[in-house]
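Given two chains presented individually in distinct reference frames, assemble the corresponding complex, making use of the accompanying hints.
Residue strings, one per chain:
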Amino acid sequence: MQNLKSKYDQKKMRVSDGLWDRLEDKLDQAGKEEKPKIIWWKYAAVILLMIGLSGSFWMINHKSDMKENQEFVNQTESENQNFDSKIIERSLNNDVEKLSTLKNNSEAGNQKLAVEDLKDSPTPLRMTEEIKRENQITSQVTDKEISIKKEEISISKSEEKLAQNEIQKPKERTKYITSSDLLFGVEMDRAKTETPKSAMGINISKSRNDSDFPNPKRIKIFGITLYEKDSATTK
Amino acid sequence: MKQDLQQIFSKAKKYDRLAQKSLFELFSGKMLSVANSYINNRDDAEDVLMNAFYKAFTKIDDCRNYESFQFWLRKIVVNDAITFIRTNKHILYAETEFTDSIAEQIDEVDELSKDIDLDVILREMPIGYKLVFNLSVFEERKHQEIAEILNITEGTSKSQLSKAKKWLKDYFNQQNTIQNAESEI
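Sequence order for the protein chains is A and B.
The first sequence runs contiguously to residue 236 in our numbering.
The second sequence runs contiguously to residue 187 in our numbering.
So that you can see chain B by itself, here it is in the shape it has in the complex (with noise of 0.2 Å):
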C-alpha cells in the first residue's frame, strides 16, 4: 500500500493525470467528510474539495514527501473550508474571558462523548462554536493556532470551545429528557 501511495505520489508531481485520479479516489471520500464537518452543505463542500484539490496538483511540489500527503492535503481542505466560511457567513466571536467555572464544564462533557452521534453535533451546533470546537479536538489545534486561523484572541478560542462543550452537555441533556418522557408514555 505504501509503495504504491509512493509510486503514484512521484507520478503525480510529475503532473501524471492517471496518478492525480487515483490520489484524488484515495482521499476525496475523508476529505470531503472534512470539509462537510465545517460547511454543513455537500455541494458547497464538494466545490471546496475540487479546489483544494486543484490547490494540491497544481502545488505538489511544496509537499515533502508521499506520508505527508493526506495531512497536507487535510489543511489545505480546512483552510478552504474556513475562508468559505469566513468570506460567505458572517460571524462575529464575542470577546470573552476565560474563566475557571468554564473550564469545569469541559471534564463533564468527556464523560458524555461516548453516547454523541457526530452527524447531529456538525448539523445542528452553531457555526462559531463548530469552528473553534472542529479546530480544537478533530485538528488538535492549540488555542495560539486558532486564535491565528479565525483571527480571534486566544482568551476567544478557549472560551468558545467551553462554550461548544456546554451546548454539547445541555444539547443531550435536553435529548435525554425528550427521550424519558416519550418512555413514559
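Just chain A, same shape as in the assembly (with noise of 0.2 Å):
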C-alpha cells in the first residue's frame, strides 16, 4: 500500500491555461461584491446617526424651552414677589416714617416741656439730663417695637406666601349620627327584647293559640248554632 501511496502523491496533472483567468474573475467579482456591501453599511451607519443625532438636539432643545418656561414662571414670579415686598416695604417706610415724625414730635414736646421746666422751675440741670435719658430710653423702646412690629410684618407675609403655596383641599364634613338612624337603632333593640329566645340564640316562633287567628265563643249559621265554647258540643 505504502507503494502505492509513494505513486499517488508523486503523480501530478496539467492544468488547463484558462483555469487561472477563470479563478482570477471569480476573486475580482468577489472583491466587488464585497465593496457595495461596505458602502451600504456606510450609508446605513451614516443615516442612523443623523436621527440619532437630531434625535438628541431635538430632545436637548424641548429640555431646555422646558427649562426655559420655568425660568420665566419662576422670573414672573419673584417678579410678584418682589412688587408684594416693595408695597409692603413702602407701607412699612410710611409707618417707620409716620413713628419717627411722632417720636421727634413727642422729643421736640418733651425738650419744650424741658425748656420751660427749666424756665419755669428752679430745677438743676440734673434733671434736664434725667429727662434725656428717660426719653433716649423712651425713644430705644420705641425703636424696638418699630423693629417687633416690622418682624411681625415680615412672618405674615411668609405666612402669606405659604398660603398661596397650599392647595386648597376641600373640607371634609363630619358625620353626624341623625335622628333617624337613632330610632332606628331603639326600635332594633325593641324587637330584640320582645322577641324571646332560645337557650342557643335562634328565635322562637309563636305558638298557634298565641296568634292572632279568631277564637270565637259561639259559631251561628242561619240561626242554628253549631259550636258553643262553654258546652263544647256541636249540632
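Because the hints were derived from the structure by calculation, they are not lab data.
Be aware that a few hints might be false.
[Stated by the list, open to error] Beta-carbon label-pair distances, calculated as ranges:
{"no.": "1", "chain 1": "B", "residue 1": "T89", "chain 2": "A", "residue 2": "K27", "range": "39 to 49 Å"}
{"no.": "2", "chain 1": "B", "residue 1": "V122", "chain 2": "A", "residue 2": "W41", "range": "51 to 61 Å"}
{"no.": "3", "chain 1": "B", "residue 1": "E184", "chain 2": "A", "residue 2": "G32", "range": "51 to 61 Å"}
{"no.": "4", "chain 1": "A", "residue 1": "G32", "chain 2": "B", "residue 2": "E69", "range": "19 to 29 Å"}
{"no.": "5", "chain 1": "A", "residue 1": "G53", "chain 2": "B", "residue 2": "K23", "range": "42 to 52 Å"}
The structure displayed is predicted, hence computed values, not measured ones.
We put the beta carbon where it would ideally sit given N, CA and C, even for glycine.
Put into C-alpha cells, the structure is as follows:
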C-alpha cells in the first residue's frame, strides 16, 4: 500500500490554461461584491447617526425650552413677590416715617417741656439730663417696638406665601348620627327585647294559640248554633 | 524554497494577486490529480479545483502558517470533491459488518501493490469503493473519520475498504490471466 501511496503523491496533472483566468475573474467579482456591501453599511450607519443626533438635539432643545419656561414662570413669580415686598416695604417705611415724626414731635414736646421746666421751675440741669436719658430710653423702646412690628409683618408675609402655595383642599364634612338612625337603633333594641330567644340564641316562633287567629265562643249559621265554647257540643 | 513559499504565503494573506497566482501554479497540478482521483472527470475536477482555490484564497486567514497550507488546501480539495460526488452521483452504501474473513484479504493485496497501475485503479474501481479506498490509503484517514465524512458507520467503512481490496485482487488476477492467455497465443 505504501508503494501505491508514493505513486499517488508523485502524480501530477497539467491544469488547463484558462483556469487561472477564471479563478481571477471570480476573485475580482467577489472583491467587487464585497465593496458595495461595505458602502451600504456606511450609508446605513450615517443615516442612523443622523437620526440619533437629530433626536438628541430635539430632546436637548425641548428640555431647554422647558427650562426657559420654568425660568420665566419663576421670574414672574419672583417679580410678583418683589412687587408685593416693595409695596409692603413702602407701607412699612410710611409707618416708620409716621412713627419717627411722632417720636420727633414727642421729643420736641419733651424738650419744650424741659425748657419750660427749666425756665419755670428752679430744677437743676441734672434733672434735665435725667429727662433726656428717659427720652432716650423711650426712643430705644419705640425703636425696638418698630423692629418687632417689622418682624411681625415679615412673618405675616411668609405666612401669606405659604398660604398661596398650599393647595386649598375641600374640607371634609364631619358625619353626625342622624335622628332617623337613632330611632332605628331604638326600634331594633325593642324588637330584640320582645322576641324571646332560646338557649341557643335562635328565635322561637309563636304558638298557634297565641296567634291572632280568631277564637269565637259561638258559631251560628242560619240561626242554628253549630259550636259553643262552654258546652263544647256540636249540632 | 521554504523562504520563497513563506514570502508568497504572507503576500497572499494580504490578498496580493501575484502571490495568489504563484500559489496556484505551485499546487494546482498536484491538487488537480487529487480531485480527479475522486471525480474521474477532468473538467469537473478543474471546476472543483477552482472552487477549492477560491475558498482557500478568500479564507486564507484560517490557515496558520505556510507549512500547513498545502495540507489545508488538499483537505479543502478532497472535501469539495466528495461533496461534488455526493450531490451529482447518488451512492448507496449497504450496511455490512466487518468480519475476520474480510480482514484476511487485505494482506494479500499488499503483495500485489507493486505491480498495480494507479491510473487503472482510479479509472476502473467502483465509486463507492474508491471513496473509502482513497480516504483510507491516500489520505490516511481512520475509519471513524471516513465514517463521519461519508455519513456511514465505521463497520461499513471497514467492509467497503476490504471489498475495494478484494476488487483490486480480482481485477489483477483477471488481468494476469488475460495476459497469460495472450502470451500463450
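Here is what the structure says about each hint:
1. B:T89 - A:K27: 39 to 49 Å: Since the Cβ atoms of T89 (chain B) and K27 (chain A) sit about 20 Å apart, the hinted range of 39 to 49 Å is violated.
2. B:V122 - A:W41: 51 to 61 Å: 54 Å, holds
3. B:E184 - A:G32: 51 to 61 Å: 59 Å, holds
4. A:G32 - B:E69: 19 to 29 Å: Between G32 (chain A) and E69 (chain B), where Cβ atoms are some 28 Å apart, the hint holds.
5. A:G53 - B:K23: 42 to 52 Å: 46 Å, holds
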